Amino acid sequence: MSASTQEINNLINQEYKQGFVTELETNTFLPGLDESVIHKLSKIKNEPEFMLEYRLKAFRHWQTMKSPEWAFVKFDPIDYQSISYYSAPKRKEDGPKSLDEIDPQILEAYKKLGIPLDEQERLAGVAVDAVFDSVSVATTFKGKLKDAGVIFCPISEALRDHPELIKEYLGSVVPITDNYFAALNAAVFTDGSFVYIPKGVRCPMELSTYFRINAANTGQFERTLIIADEGSHVSYLEGCTAPMRDENQLHAAVVELVAMKDAVIKYSTVQNWYPGDKNGLGGIYNFVTKRADCRGANSKVSWTQVETGSAITWKYPSCVLTGDNSVGEFYSVALTNNYQQADTGTKMIHIGKNTRSTIVSKGISAGKAQNTYRGLVKVLKSAENARNYTQCDSLLVGDQCGAHTFPYIEVKQPSAQVEHEATTSKISEDQLFFCQQRGLSAEDAVSMIVNGFCKEVFKELPMEFAVEAQALLGLSLEGSVG
Amino acid sequence: MAKANSSAYVERYADVASSLCGQTVPWLQQQRADAILQFTEYGFPAIRDEDWRYTNVSVLDKQHFAMAQKSVSAVITADWLKAYQLVDAWSLVLVDGYFSAEHSVLADLPEGVTVMSLAKALQDAQYATVLEGKINGAVSQDENGFVAFNGAYFVDGVLIHVPAKLQVSKPIQVLHIATQELTAINTRSVIVADELSEVQLIETFAGLECAYLSVAVTEVFVGQNANVTLHKVQVESEKAIHFGGTYVKQARDARFRHDNFALGGVLVRSDVHTDLDYASECELNGLYLGVKRQHIDNHTRINHLKPHGISRQLYKGVLDDRARGVFQGRVVVAEDAQKTDSQMNNRNLLLSSDAEADTKPQLEIYADDVKCAHGVTVGQLDEKSIFYLQSRCVDEETARNMLTFAFANEMVDKVKIKSLHDLILGQVLTRFPQEGINKEWL
Numbered sequence: 001m002s003a004s005t006q007e008i009n010n011l012i013n014q015e016y017k018q019g020f021v022t023e024l025e026t027n028t029f030l031p032g033l034d035e036s037v038i039h040k041l042s043k044i045k046n047e048p049e050f051m052l053e054y055r056l057k058a059f060r061h062w063q064t065m066k067s068p069e070w071a072f073v074k075f076d077p078i079d080y081q082s083i084s085y086y087s088a089p090k091r092k093e094d095g096p097k098s099l100d101e102i103d104p105q106i107l108e109a110y111k112k113l114g115i116p117l118d119e120q121e122r123l124a125g126v127a128v129d130a131v132f133d134s135v136s137v138a139t140t141f142k143g144k145l146k147d148a149g150v151i152f153c154p155i156s157e158a159l160r161d162h163p164e165l166i167k168e169y170l171g172s173v174v175p176i177t178d179n180y181f182a183a184l185n186a187a188v189f190t191d192g193s194f195v196y197i198p199k200g201v202r203c204p205m206e207l208s209t210y211f212r213i214n215a216a217n218t219g220q221f222e223r224t225l226i227i228a229d230e231g232s233h234v235s236y237l238e239g240c241t242a243p244m245r246d247e248n249q250l251h252a253a254v255v256e257l258v259a260m261k262d263a264v265i266k267y268s269t270v271q272n273w274y275p276g277d278k279n280g281l282g283g284i285y286n287f288v289t290k291r292a293d294c295r296g297a298n299s300k301v302s303w304t305q306v307e308t309g310s311a312i313t314w315k316y317p318s319c320v321l322t323g324d325n326s327v328g329e330f331y332s333v334a335l336t337n338n339y340q341q342a343d344t345g346t347k348m349i350h351i352g353k354n355t356r357s358t359i360v361s362k363g364i365s366a367g368k369a370q371n372t373y374r375g376l377v378k379v380l381k382s383a384e385n386a387r388n389y390t391q392c393d394s395l396l397v398g399d400q401c402g403a404h405t406f407p408y409i410e411v412k413q414p415s416a417q418v419e420h421e422a423t424t425s426k427i428s429e430d431q432l433f434f435c436q437q438r439g440l441s442a443e444d445a446v447s448m449i450v451n452g453f454c455k456e457v458f459k460e461l462p463m464e465f466a467v468e469a470q471a472l473l474g475l476s477l478e479g480s481v482g
Numbered sequence: 001m002a003k004a005n006s007s008a009y010v011e012r013y014a015d016v017a018s019s020l021c022g023q024t025v026p027w028l029q030q031q032r033a034d035a036i037l038q039f040t041e042y043g044f045p046a047i048r049d050e051d052w053r054y055t056n057v058s059v060l061d062k063q064h065f066a067m068a069q070k071s072v073s074a075v076i077t078a079d080w081l082k083a084y085q086l087v088d089a090w091s092l093v094l095v096d097g098y099f100s101a102e103h104s105v106l107a108d109l110p111e112g113v114t115v116m117s118l119a120k121a122l123q124d125a126q127y128a129t130v131l132e133g134k135i136n137g138a139v140s141q142d143e144n145g146f147v148a149f150n151g152a153y154f155v156d157g158v159l160i161h162v163p164a165k166l167q168v169s170k171p172i173q174v175l176h177i178a179t180q181e182l183t184a185i186n187t188r189s190v191i192v193a194d195e196l197s198e199v200q201l202i203e204t205f206a207g208l209e210c211a212y213l214s215v216a217v218t219e220v221f222v223g224q225n226a227n228v229t230l231h232k233v234q235v236e237s238e239k240a241i242h243f244g245g246t247y248v249k250q251a252r253d254a255r256f257r258h259d260n261f262a263l264g265g266v267l268v269r270s271d272v273h274t275d276l277d278y279a280s281e282c283e284l285n286g287l288y289l290g291v292k293r294q295h296i297d298n299h300t301r302i303n304h305l306k307p308h309g310i311s312r313q314l315y316k317g318v319l320d321d322r323a324r325g326v327f328q329g330r331v332v333v334a335e336d337a338q339k340t341d342s343q344m345n346n347r348n349l350l351l352s353s354d355a356e357a358d359t360k361p362q363l364e365i366y367a368d369d370v371k372c373a374h375g376v377t378v379g380q381l382d383e384k385s386i387f388y389l390q391s392r393c394v395d396e397e398t399a400r401n402m403l404t405f406a407f408a409n410e411m412v413d414k415v416k417i418k419s420l421h422d423l424i425l426g427q428v429l430t431r432f433p434q435e436g437i438n439k440e441w442l
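First to last, the sequence lines map onto chains A and B. So that you can map any letter, position 29 of the first sequence is 29 in our numbering, and since no number is skipped, the others follow by simple counting. So that you can map any letter, position 52 of the second sequence is 52 in our numbering, and since no number is skipped, the others follow by simple counting.
Among the clues, some could well be false.
Footprint (simulated), chain A over chain B, 3 or more residues, beta carbon under 8 Å [claimed, not checked]:
1. 270 to 276
2. 346 to 353
3. 374 to 385
If the Cβ cut is set under 8 Å, some of the chain A residues that face chain B in the computed set are [said to hold, decoys possible]:
4. 70
5. 71
6. 73
7. 77
8. 403
9. 409
10. 428
11. 431
Just so you know, the hints here were simulated from the structure itself, not pulled from any lab data. Note that the coordinates shown come from a computational prediction; the quantities given were computed from them, not determined experimentally. Using N, Cα and C, we set each Cβ at its ideal position, and we do this for glycine too.
Work out the full structure, taking the sequences as your base and the hints as a guide.
Next comes the structure, spelled out in structure tokens:
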């Protein structure tokens, strides 16, 4: 808790910390998108033939689709021809074999972000895959993971080294026809992380991917695929930042999780893309499709997200509960300030027997922001004894913001029990008064109350992330309390 | 772009336009012209429309309903009528949409209170001026295809006007009766309660055993500090398609309560929209019972436009056989509407594995100093309660019937008019297994 007014003022005036630009020589495609770009992309990545076909199929389908308009967000139409679909830091011919070969500028950039890629200095426990613009620049602890049988590598590497896994699982959770942005992503995705946990293995450390958009006029299209085979366990973290620019940049990612019998996947995100300035200029459009398939019996997928960045967030991490007794969880804190817009939530599709899902969503809206929870709970006829509990609470800070709750509940099975609760309120005067009476400033009191409001979600985050998330929350709220 | 399902109605509009009520009223003629244009463009709603995603009315593509004509022969027997007409109320009866003086009971209305056929009112310059700004005053033609359809085609309806500071001593019932096979019935009702007045109204929709399309739009204007209660008892025939829209404008400090009993019909949609001014209150209650292949969709929208408004909603659904129940509620709190207090609840009981409940409670909030909450449940009867009853020598089937009935009866018990309460209770009971329900307790 910050102590003096001076410090608070400093904080208020503090700019988006991760907003620096790294000057690098890059290999960047000219803006524009047609089949030749996809051919070029696939060639540069040295992909197997089936991937090129997959991309072209997705691209052809994408051309027949229209940008979705149902979300509660407003933005000007995106000109997909003005975006560059590939940008990579120039590298030596064979690509870096060790950290020494990585451009020091990039290492410096990650250092500034607090993500040291240096294995020795790193506290043991988290393996990091760093994605810079369109490509993965480094993956740490590869050796240690290999010993455990875990495959953790950039997806472009997996395409070459593990085509059989890719063929089987890529697009099996989010097909190319799924939605507009997923189709675009399937056509032009450049990199991302690939994780495979073999049968019965408990991943020895937390896995983490750090996404960074650096180049201007580019879109980032990453693809993450995590497969947890029978009885395995993995915890995966994702973080993201981008430089401050006046134009909007598109980030359209797809994340696919597959949990086989008895497998557990925990996926945590702290999303802190550049949110645009106080007047709503610039910022990232974060249009993401995330979905998990609990394919096997007794599998479990848990999504935890802290969304504080992006000009517009459009994201619904979902669980398809196919296996009997499978469990889906969704814990979310979404904070919007200034002119940010967020339309986020989840989908829980109950298919198997005795499937359970829990949704806890906390929305905080400040400034002139619009924050929407949109969630679907669908219980199919086959899902006997399905159980869902949903709670979404919204907190309004200031009188010019909006908080909206749009749940969809569809039940076709009488033995299912579905509960949904939502409340919207502002920070109570009584609570504020209570804190102030005990010597806390208004800012500190608000920060404390908001942190308390989000506690249920934060406790689901891995330790280091929880600390980061709390700090982020305080920062994003700065200046919103008068 | 004309839609397939609407084109037949659009083409035939010219044939009937000259016979519709209000020929001598220029502003209404203009509104009807606008409505048919709107309907030409919109057609009946499609499921791509977010507000209609759970209700598919494409059956209107396949089945054309001719416009109902005024029936000449009396097909309604006194006994039949008795089942729906309240004895301790004034009642205005519309048969196939047209006012029926012989069935209506309107003697001894308090002085100043108007309860009359809308078509008649439009012929009288005195009432026509009252109606200007009221017809299509609480709902806009572009609300949805049914409202535009109704705006173009309505043949009659009712005008109810309660003057300022008057408490109407008995309830007023508007009884809609359908008698003709494969016809479309369009009625428009206008209810105006001036400041400080108080009135209880009942809209009943019933029909003989036939298939028909009933489209009824009701506009309610609740004056400052006035208090209006509107009970809608929808017991249409088993084959009927029903669209009922109730659109309300509440002035400052006005109170409005709507009780919606959706029991009949095969494909039913009901809209209740209300706009709240400063410190006005509204209470929307609903009970939908679905059996066989019934599809019952309830749509509510509460717009809190000014501060200090209070709204309460409770909708309960019981769905058996292959029935599908839908609840879509939306509460909008405008930027100005600080200190709004809003609660919305929807509870669904699924009794069969082929039944379905879809619910979409929405909060859209632009003000910070508000208390808004919504809750939804979908489930089956509580096993512990059943066990409790069984442990007291009640067999399982009876226990289930009792609990199901009790679940529904909460809504019926809110009705304070005795005769109406009994009428609704009777209708609810006929739709459920009565084994074990002792009528003497009720």
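Hint-by-hint comparison with the structure:
Chain A is given as covering the stretch 270 to 276 of chain B, and this is violated because 0 residues of the stretch bring a CB closer than 8 Å to a CB of that chain, at least three being needed. Requiring three or more residues with a Cβ within less than 8 Å of a Cβ of chain A, the coverage given for the stretch 346 to 353 of chain B holds, as 5 such residues are present. Counting residues of the stretch 374 to 385 of chain B whose beta carbon lies closer than 8 Å to any beta carbon of chain A gives 7, which meets the minimum of three for the stated coverage. Interface hint at residue 70 of chain A: satisfied, since its Cβ lies 7 Å from the closest Cβ of chain B, which is below the 8 Å cut-off.
Against a cut-off of 8 Å between C-beta atoms, the interface hint on residue 71 of chain A is violated, since the closest Cβ of chain B lies about 11 Å away. Taking 8 Å as the C-beta cut-off, the interface hint given for residue 73 of chain A is violated, the closest approach to chain B being about 14 Å. Among the interface hints, the one on residue 77 of chain A is violated; its C-beta lies about 20 Å from the nearest C-beta in chain B, farther than the 8 Å criterion. Interface restraint check for residue 403 of chain A: the shortest CB-CB distance to chain B comes to about 5 Å, inside 8 Å, so the restraint holds.
At a threshold of 8 Å, the smallest CB-CB gap from residue 409 of chain A to chain B is about 5 Å, leaving the interface hint in force. A hinted interface residue such as residue 428 of chain A counts as satisfied when its beta carbon comes closer than 8 Å to some beta carbon of chain B; here the least separation is about 10 Å, so the hint is violated. Hint status for residue 431 of chain A relative to chain B: violated, with the closest Cβ pair at about 14 Å, above 8 Å.
Checked against the numbered hints above, the structure violates hints 1, 5, 6, 7, 10, 11; every other hint is satisfied.
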